[in-house]
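Visitor: Chain residues, written in single-letter form:
Protein chains: 2
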Amino acid sequence: MIRHAVVTGGAGFIGSNLVDVLLKDGVSVTVIDNLSTGFKRHLDFGNVKVVQRDITLADVEDLAADFAGADTVYHLAANADVRFGWDHPRLDHQQNLVATLNVLDACEKAGVRDIVFSSTGSVYGEAAEIPTPEVAGFPVQTSLYAASKVASEAFIEAHATAGRVRATIFRFVSVLGPRYSHGHVFDFVRQLSRSPKKLTILGDGTQRKSYMHVDDCVAALTSLRPAGDVEVFNLGADGYCTVSDSAGWISRRLGLEPVFEFTGGDRGWIGDNPYIYLDVSKAARAGWKTRRTIRDSVEDTVDWLLANEWIFDAR
Amino acid sequence: MIRHAVVTGGAGFIGSNLVDVLLKDGVSVTVIDNLSTGFKRHLDFGNVKVVQRDITLADVEDLAADFAGADTVYHLAANADVRFGWDHPRLDHQQNLVATLNVLDACEKAGVRDIVFSSTGSVYGEAAEIPTPEVAGFPVQTSLYAASKVASEAFIEAHATAGRVRATIFRFVSVLGPRYSHGHVFDFVRQLSRSPKKLTILGDGTQRKSYMHVDDCVAALTSLRPAGDVEVFNLGADGYCTVSDSAGWISRRLGLEPVFEFTGGDRGWIGDNPYIYLDVSKAARAGWKTRRTIRDSVEDTVDWLLANEWIFDAR
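Protein chains in written order, with the working numbering: chain C, 1 to 315; chain H, 1 to 315.
Chain C extracted, bound-state conformation (with noise of 0.2 Å):
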């Protein structure tokens, strides 16, 4: 039973979906975010408080401050800027590892029970299994943003072992609904609200994903828990499409026809992954299931970006 929750990034895309469903749920709810990517707009309701403070340079005293009275950090900041990783090669440690370390410090003076943790399916670098589970062989990280999950996930795991927290990681494909604003379906609505009749898209459209909707997502993040320390759980869509499937899909929701235009290879960039497909039975044994399938949740974004024309300018 959560009665007080702390969200990192509760402005952003996941973690703002999370705070609607925290306080439907009647949980005290304090947001901690930059707001550099975040949206004080996604969190103009309900009863919350939200601190601006930047994690990655926070006292640790100020953020156990913020931490106090909470039973369950939910730990979402982080830098998601995948495909940018080599323009700056210290971001992703300091903006992810970093600021993981002293949440999790602040964790321990605060005497919070529950770290919850997102990370990514893109740990598993280029997977020799597919659909690939937890306990798939151990991988070689294919980005700086991955190797700042990775490297997250181990502190982590070392302060659960050693009894400090119970941690709960997920590990996630690319997440879709209301609030996104980040990735190709985004890329491919703004470029099609620009020029309706072409459509450029990164490699060759034969990439991959397993996305999954923000709701079942939050689903997750607020039900599963560990039986011991630590538990790690994929959590994705049971299936994949292609880039193009969905932009087939978008340009359709949006009633338009554009030429496909492929900037060819495998990949969009150095470190895409042309194919995360996860094993999500474990999250399944635990009781989790997606509520909806990969076209509806792109569609679901589409819609919502349509609505909230906003966001293109704001990024």
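Simulated from the structure, these hints should not be mistaken for laboratory data. Keep in mind that a hint or two might mislead.
Because identical chains cannot be distinguished in the list, a pair is counted as satisfied if it fits within a single copy or across any two copies.
Claimed, not checked - In the SDA-like style, the derived pairs of lysine to any residue whose C-alpha atoms are separated by at most 20 Å in a straight line are:
no. : residue 1 : residue 2
1   : K109      : H88
2   : K109      : W86
3   : K282      : A128
4   : K109      : L91
5   : K198      : G248
6   : K109      : R90
7   : K109      : D87
8   : K40       : V21
9   : K109      : A162
10  : K49       : G69
11  : K282      : G137
12  : K197      : R253
13  : K49       : S36
Since the structure of chain C is already known, use the hints to place chain H on it.
Guide: Relative to chain C, chain H alone:
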């Protein structure tokens, strides 16, 4: 063919043994060491350039200047104190991961092709599969030390798969031999030199260890390289002993018959792993094998410690 190598942590146990071999092979060597746990007297011979610098705190430009002209950087500098991680919870991150990020950036700046990294078998946590192969199931980390090493591996891999360096990552078991200055053989010899009738052993003595001689370790570091961008190799003995076995060999080598007192439990401290035994068949297929047995390695270490008692006062 290595012509000019940098060895970080080159004044340490493994580092200085590596330097000896490189010099014999006619390689030009620069050692970078903060001399916090290394010893300059380990390098009091041969034509070595020694730079006293703390890599953790170093400016990347300075480090790149140290690296200029090198084809290979052996990055061995690390905080290797697994046992006391919780006394200073940020130290492993700082001294192991941040140092590694500095080395990676300096390699990029100086145009160094090869990075050779000393990781640890501890990254497998409490492995389900024993002997543990490199592709064992994705592990849960059980110490800050191992977390910092798996994090370092991850960032090195991301740099290598992006084509910035070629990386050889070695996960090894505990290493023994001349200049060994840390770990249970050291503790046991020191204890017995002070009170020859009693030996206190952390845990119940059944912890299994797969010790490797430093000569075998160095042979792998200098000879094994990846076919592609990055390769991970396990290194260790082809077998194991228990801590009690080792205590017995040490006592006999010293001509003593002490009473063993066990502190109890199946591990020596939080995060101690009762059983690390690596599958080294991948390194064997690449042409490497150990030449020294575990018992020989333990006895050689005892002999060196007896001939170099100064090291007990230096710790």
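Visitor: Going through the earlier hints one by one, which of them does the structure break, listed in rising order?
Guide: Violated: none.
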